[in-house]
Amino acid sequence: MEDAGNQQEAQAPLGAGMRVYRGLMIGTGLIAAVLFGAMALLVCADVLLRNLGITTITWSVEVTEYMLMISAFLASPWLVYTNDHIRVDILVRGLTGKTKWWFDVIGELICLAVCAILAVQSVYSLFDSMQQGGMVFKVLIFPEWWLALPMTISFILLTVEFVRRLAVAFKTEHLGAA
Amino acid sequence: MEWQLALSLLLGVLFLLMLIGVPVAFAFLGVNLLGAWVFMGGEAGLGQLVRNSIMSVNSFSLTPIPLFILMGELLFHSGLAFRAIASIEQLIAKLPGRLSIVSIVGGTIFATLSGSTIANTAMMGGTLLPEMLKRGYQPKIAMGPIMAVGGIAMLIPPSALAVMLGSLAGISISQLLIGGIVPGLVLAVLFVAYVMIRCTVEPGLAPAYDPEQRKHGWERWKPFVRDVLPLFGIFVAVVGSMLVGWASPTESAAIGAVASVIAMICYRACTWQALYKALMETARISVIILFVLVASTTFSQLLSFSGATTGLLQMIGQYHLSPVYLVMGMLAILLFLGCIIDQVSMMMITLPFFMPLANSAGIDPIWLGVMLLLAMEIGLLTPPFGLLCMVMQSVAPGHIRLTQIYGSVMPFIILEVLVLGALLFLPWLATGLPQLMVTP
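Quick mapping for you: the protein sequence lines, in order, are chains G and U.
In terms of the numbering used here, the first sequence opens at residue 1 and continues consecutively.
In terms of the numbering used here, the second sequence opens at residue 1001 and continues consecutively.
In short, the hints are calculated from the structure, not lab data.
The C-beta atom is built at its ideal place from N, Cα and C for all residues, glycine as well.
Some clues are possibly wrong.
What the hints assert, rightly or not - To be clear about the criterion: a stretch of chain G counts as covered by chain U if any three or more of its residues have a C-beta under 8 Å from a C-beta of chain U, and this derived list gives those stretches:
| hint | stretch |
| --- | --- |
| 1 | 17-25 |
| 2 | 30-43 |
| 3 | 46-53 |
| 4 | 76-88 |
| 5 | 97-109 |
| 6 | 130-138 |
Could you put the whole structure together from the sequences, leaning on the hints where they help?
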């Protein structure tokens, strides 16, 4: 699959800001990767200890669920950055030149609008939850607004990423026209 | 709003967004925003959409998705899978289309160790295809078996997509995983038979004689005993722990992943680089699936909330169709959708309609689940949006055209449709093995 970051790097060396941004994107993927590895170890340890009659890790199921949720949200901007989200490109695959550029830009604009709305709604939901002061009472007890954090961070990063992609698209078009 | 209009609006906007190139997950999110605004009371609906999304993947039953993928990626990036394929190659001799058969047998064995169709196809395509083309195999007999056997990973446990289907459709995940074994093996046998017959009838497709040095006796079997047999321990750990009730299907996936790391250590193939690559690739494939799930969960709820699900179900109910006709209709819809969208989206769009229909008609959920899996597996191969065809294109040499890839997989699609037909009329192919299971 095409890697937007690498493609950009091939064209021109990245500035310090973009290098940090690239690191941030890869970092979100790395967090998901580490969480999946930890998930395997945690569940396996629970099965082993339970079947040996030693103990049961009571919080393992709950923590595993949170790991899954955090990974899904946090690593999504990384996948947009690397162009890895699934696209049904049967119509746009055959397009070239200006028509393709327009389809790409319209697609990115729709994604930007969707992510910006969800980012705003997530922030509202987060503050609502903080004000209400609700708690999650399962095996672990913690403030409910913590659950809204991964989605909020994800959609803010997604919004930033789609703005970056649009900026790159317009810059490329501008250079092409010049 | 009339249910027909609601259904047309939701599906119409979804397909429109997908067709103009919006990534599937964001197409679902876009239509969710529209649907939440229209059907769930404006801004209050948007708030509900956010809460639904947060909880959509907060489920222990979805944990095997990344863990089954991790198993395959660990074996792939550590090189153990390549060693296994090389040793299988030593065993298969004097058969027409030998390397194509090696790809089917090797791919089926790898399917028992990997829950990822993509890893399966990428591994076989990246290793065997260049060798086959170099030895004079025609692309159509070299690529078709590799892609077809990649799909078998979706049926034979461990299977990430089977877990997802079971979780979303409310079907027993362990029984669904076990139910896929027999149809998966039947497919593998049919693929081998097809390659042998085709290469006998049309000898120009594959060289009659492979010029490499062949080993005999123990020298020939030694790599298999050393590199393949111990790996079956991973399959035994996954399926065995489920069957004897030591672990739930979810937990067995974690056992499989840790068993794969133990195998890597035993074979001295465990490097930080291999672990890093396997974990990052697992994150990539898993988050693609999980984020579509996040985005599409509310879509199913909107279909129900808008009255579209009930309206369509009532309309179909008026025809008093027999269970077989109902299942045939469902499979036809999936086969069509498989040509244009991905497997996760297929599940999210169709299951809200299929499962209530199946429950009211008294259809065996395991039988139906295995057939749905097979129909979706066919969708991995059917043009223009066959995911495995695209994976093959990414690993095949540059001179191979996409039309050649489509052509090479066509006979295998026909074989899979035949097996689907057999499952329809011989349900025990899917339900026989699960009935023997000891439920934990």
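To see whether the hints hold, each was checked on the structure:
1. Check on the stretch 17-25 of chain G: 0 of its residues sit with their Cβ under 8 Å from a Cβ of chain U, so the three-residue criterion for coverage is violated.
2. Counting residues of the stretch 30-43 of chain G whose CB falls under 8 Å from any CB of chain U gives 11; the rule of at least 3 is met.
3. Closer than 8 Å: that is the beta-carbon criterion, and the stretch 46-53 of chain G has 3 residues meeting it against chain U, so the requirement of 3 holds.
4. Proximity of the stretch 76-88 of chain G to chain U, defined as three or more residues with a beta carbon under 8 Å from a beta carbon of that chain, is established by the 10 residues found.
5. Closer than 8 Å: that is the beta-carbon criterion, and the stretch 97-109 of chain G has 4 residues meeting it against chain U, so the requirement of 3 holds.
6. Residue count for the stretch 130-138 of chain G with a Cβ under 8 Å from a Cβ of chain U: 0. That is fewer than the three needed, and the coverage hint is violated.
When held up to the earlier numbered hints, the structure conflicts with 1 and 6 and fits the remainder.
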